[in-house]
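Each chain is listed here by its residues.
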Amino acid sequence: MLMETDIAVSVSKLSRHFGKFVAVDEISFEVKKGEIFGFLGANGAGKTTAIKILCGLLKPTSGEANVAGFNIKTDSTNIKKHIGYMSQKFSLYEDLTVKENIEFYGGIYGLSRKEILNKTKLLVSELHLENVQNSLTKTLPMGWKQRLALSTSLLHDPPIIFLDEPTGGVDPVSRRNFWRIIYEIANSGKTVFVTTHYMDEAEYCNRLSIMHKGKIIEMGTPADLKMKYGKDSIQDVFVELVG
Amino acid sequence: MRQIFYLVQKEFRQVFRDKAMLRIIFIVPLVQIVILGNAITTDVKNIKLVIQDQDRTPYSRELVLQFVHCGYFKTIGFEESYSKLSDYLSSGKANLAIVIPKHFQRHIVLNKKPDVQVLVDGVDGNYAGVALGYISEIMQNYQKRLIESSPDLGFHVKNIHRVETEPRFWYNPNLESKPYIVPGIIAIMLLIITMFLTSMGIVREKEIGTLEQLMVTPIRSYQLVLGKIIPFSILGIVVINIAMGFIYLIFGIAVKGSLLLMVFESMIFIISTIGLGVFISTIADTQQQALFLAWFTMICFILLSGFFIPIANMPHVIQKITLFNPLRYFIIILREIYLKGTTIKDLIPETLSLVTFGSCLFLAAIIRFKKKLG
Amino acid sequence: MKLRRITNFIIKEYIHIFRDKVSLIIIILMPIVMVILYGYAITFDMKNISFATIDDSKTQKSRELIQSFTGNKFFVLKFMDIKRSETDSLFKERKIQMVLVIPKDFSESLTSKQTTKVQLLIDAADSNVATFINNYSNKVMQIYNGKINIETPGIINLEPRIFFNPDLKSSRFFVPGLVAFILLLISALLTSIAIAREKETGTLEQILVSPVYPVEIVIGKVIPYVTLGFLNGTIIILFAKFLFKVPINGSLILMSAFALLYIFVAMSFGLMISASAQSQQSAMLAVIMATVLPTIMLSGFIFPIASMPLPLRLISNLIPATHFLIIIRGIMLKGTGFMMLWKQVAALSAIGLFMISIAIKRFKMTLE
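Chains as they are written, first to last, in our numbering: chain E, 1 to 243; chain F, 244 to 617; chain W, 618 to 985.
Pulled out of the complex, with its shape left as it was, chain E reads as follows:
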C-alpha cells in the first residue's frame, strides 16, 4: 500500500515500442491531486499511447507508473475502478437513448439501481437534456454528445479522469463550455489529465508537458513556459520547440 500522498499519477521512464517504432520514449512526470495536467503535442507525438498505458489499455514495454496509488502492471483492475476515460472518438452507443446510455455505463461500473436512477436525473437536469433524454444519442448535436460522454465517464465518481483530445470536432463555443466543466471537475478535487493539440486549450491547464516524437521535451506551468522562452503564447513556445 502506498501512503496517502498528494500525488495522483507518477510515471518513471515509461516506454512503449511497436516493433521498431518507439511511440513513448522513457517519459517521467508526476501529477498532483486536483491538478489539470495537459499533454500538448502534434498528432503522432505519443500522447494517446501514453494515456492508453496509464488507463490500462496498453501494456508498457518498460518503465513504471502508478495511477491513483496502484501499479499499472500489477493492479490494472483496481486502476480501472478509480479512473474515468473519454477518448477522441465519441464512445456512447448511438443507437441507444440518452437515458439508456447512462443506465448502461452506470451498470457496467457496478452502480446500484437506485444510484443509477438518481445519477440519471441529476445528469439530465445538469446538462439540460430533459427534452431529449429519450431520443437516440445519434440525434444530438456534437457538443451535447461530448458533454454527455464526459458525464457518463464520471458516473462512478473517479478521483482521476483521463481525457484524450476531448474537444475534437467541436465548435469554439462548445469548447469553451466544455473547459468550464473541466474546471468544475478539478475544483471538486478530481485530477484531470488531458491531451490536446489545440494551443489555446493548453493555456487553460495548470501544468503542461510538451511531447515530441515520444519524448517529453518541456514541462511547466503555461506562465513559466512563456516566460522561459520569452513568448506571448503557448503557440509560439510550441513552434519554437518543435518547429
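No lab work stands behind these hints, which were simulated from the structure alone.
None of the values given here were measured: they were computed from a predicted structure.
Check the hints yourself; a few may be wrong.
Chain F is nowhere near these chain W residues, computed Cβ spacing over 12 Å in every case [as the list claims (entries may be wrong)]:
id, residue
1, Asn-625
2, Asn-689
3, Leu-694
4, Thr-851
5, Lys-981
Footprint (simulated), chain E over chain F, 3 or more residues, beta carbon under 8 Å [to be verified]:
id, region
6, 330 to 344
7, 567 to 581
Distance condition first, Cα-Cα at most 25 Å in a straight line; then the derived DSS-like pairs of lysine-lysine [stated by the list, open to error]:
id, chain 1, residue 1, chain 2, residue 2
8, W, Lys-709, F, Lys-583
9, F, Lys-345, F, Lys-356
10, F, Lys-345, F, Lys-291
11, W, Lys-675, F, Lys-583
12, W, Lys-638, W, Lys-675
13, F, Lys-613, E, Lys-81
14, W, Lys-700, F, Lys-588
15, F, Lys-588, W, Lys-695
For each residue, glycine too, the CB sits at the ideal point set by N, CA and C.
Following the hints, put chains F and W in place on chain E, whose structure we already have.
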C-alpha cells in the same frame, strides 16, 4: 454478475431498435423455409426429349408411344434432321434425343438387332445416368411386350426372370424434400444469425470506440464475451422455436423427439458459433473483414455439412475435414430428433463432438480476445 | 455526368480495396480454396452405403442376390440376417442405411414366376441420400437381372452416346457452377457493404453534399469491384481448366463478356440492398440471406430445376445464377454460341437493369 445483466440488456435494446435487422432475423428465415422447403430433389423428372423416327413403321411408332406415355419424359418434339439433334442438346432445349434407325422393324423381324441411339447431355452426370436408366427400362418393357405379342418372332419370354426391388422409405415414406430440408435450413439460419451478428457486432464496437471505452471500465473479458453470448443464444433459441412452430403450422411436420433435447443441442451449437464469431472479431479490424471471414467460414461449413452433398460421396481426405465442422454434427442431430425421434443415447458421439468444439472455440475466443486487448 | 469525377471515385475505391490487406487476401484466396475443396468434395458418386440383410430364404439363390450387392464399391454389408425389430434402432444409431429383405419363397418364385419382389428398407431421414441409395440399388438389380437371364438375347441394341461429359464426371458439372456461385456472392457482398459503410461512417453525407449525381456514385462504386470480380472469375476458370481439366469448348471472349454482364447484375443487387439498408450489418445479413441458400438450392447449381414443382421453377427464373449457369456450362462444356444463349442474356440484362434502377431511385430518395 450485475455487469453482465447490463451488457445483455444493452445488446437486446440495440437489436430491437434496428427494425430492418429484426425483420431479417425473424421473417426471412420463415420465408426461406416456405420457398426452399420444396426445392431439393435429386429426383429426375421432366426430362426433355426429342425423337427422331427414321423408320415410321408400326414397330417404331409403338416404341415412340412408349417414350411419350411413360411419364418420365416431356417430349418436346420430333426432328427430321440428324445433324440438328446436337443443337437441341447444346442449346439445352432437350436433354435427350432418341434416334430410331431406318429398317428398324425389318431388322427386328430378320433378327438383325437394330441399333437405337440415345444422345444424352452428360453435363449433369447424375441426371444423365438416371435418365439412361429410365430408357433401358422402357426398352426392356418394349422388348418384353413385343416378344409376347408376336410369337412368330421366335423368342421365348418364359425364361426371363426378374427380381424387382420394392423400396420402403422409413421416416419419410414419400421421399418429400421438406422434412429433410427444414432442419437443415434451421441450422444454417442459426449459424448465420449467431456467427455474423457477434463477429460484426464486436468489430463495430471496435470501430466506433465503445469497446475501448468498455476496456477502461473494471469489466473482465469473460464478462464481455458472456455479454455477447447470452443475448444471441436467447435470440437463436427464440428463432429456432418460432421456426419449429411455423413449420408445424404450414407443413404439419412436428418434432418427433424431445423438444427439450432439441433446445439443449441448439444451445451447444450456438455456443460454438458465437465462439467462432468472437474469434473472428479478434482477427478482423473492420466489419468488412469480419464479414468476409465469417462468410467464408459459413460457406465452407454449409457445403461440407452433408446437407446438400452426402458426406459419404466425398473423397476420403475431405470426409476427414468435415469432422471439424460443427454444422455437420448439428444437422445430423436436428434431423434425427426431428424425423426419427432419436434420443440422446444414440446421439452421444455427435453431442460430444459439438461440446468439444463449443468449449474449445469458446476458450480460444476468450484467450484471443484478452490477448488482443491486453 | 463528368468523367473526371467518376475516375476520382474509382481511384478512391481502389485505394480502399488495396489498403485493406485482410479483405484483399480473403477475396483472392477464397475462390481458390473453394474451387479446390468443392471441386473435389462435390460429387454425386456415392460409395460405401452400409446395409444389412434379412434373409428369410437362406438359399443359394438368395446368397447370390446378396453377393450382387456386396460385389461392388457402392455397398458394404454390415450385418447379416438381423431381426426385423432391430431395423429401427440400427437406423437410429446410424449404423446402416438400408436393409435388404428377401422373402421366404424367393428361390421358388425366382424359377417359377416372371417377377419376384424383394423389399428394400431405406433410411430416408436424408431423402437426398435415400434417392441415391434407391438409384444405386436399381443399377445393381439391372446387372443382376442381366446375369440371371444371360441366355435371353435382347432383340434391340441400345447405343447411348453421351455428349459433353462422356464419363459423367461430377467435376465437369460442378466446377463451372462454382464460378457462377462464387462470382455472385462476392460481387453482391462487396458492393452491398461498400455503400453501407460510407453511410455508417458518414462519408456518404460528405459525398452527397458535393455536386455529384447518384449515377456517378453508383458507377464509381461498381467499376472497381467489377474488376475484382472479374479477377476472381479468371482465377476460378484457370483452376477449372488446369486442375480439373474442365474443357473450354466455346469462345473465351464470349464467356468473358457474359461474365461481366453477370457481375454487373450481382453488383446491382448488392447496390439495391445497400441503398436501402441503414447499417453494414443489416446490409450484409440481407445479402447473405438472399443469396447463399437460394443460389445453392434454386439455380440448378446442384439440383436439377426441371425436377422442381412449377412455382419453384418460376421463382428460379428470378435468380441471376440460374441464367448464368446455363451460359457458362453451355460455353465451357458444349461450346454453345451466342445465338443459343440470347434468352439467358436478355433475362440477365432485364434483372440487372431492374435492380440498378431501384438502387438509383433509392439514392435519389436519400438525397432529397
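Practice task
Run the structure past the numbered hints and jot down the numbers of the failing ones, going up.
Solution key: 6, 7, 11, 12
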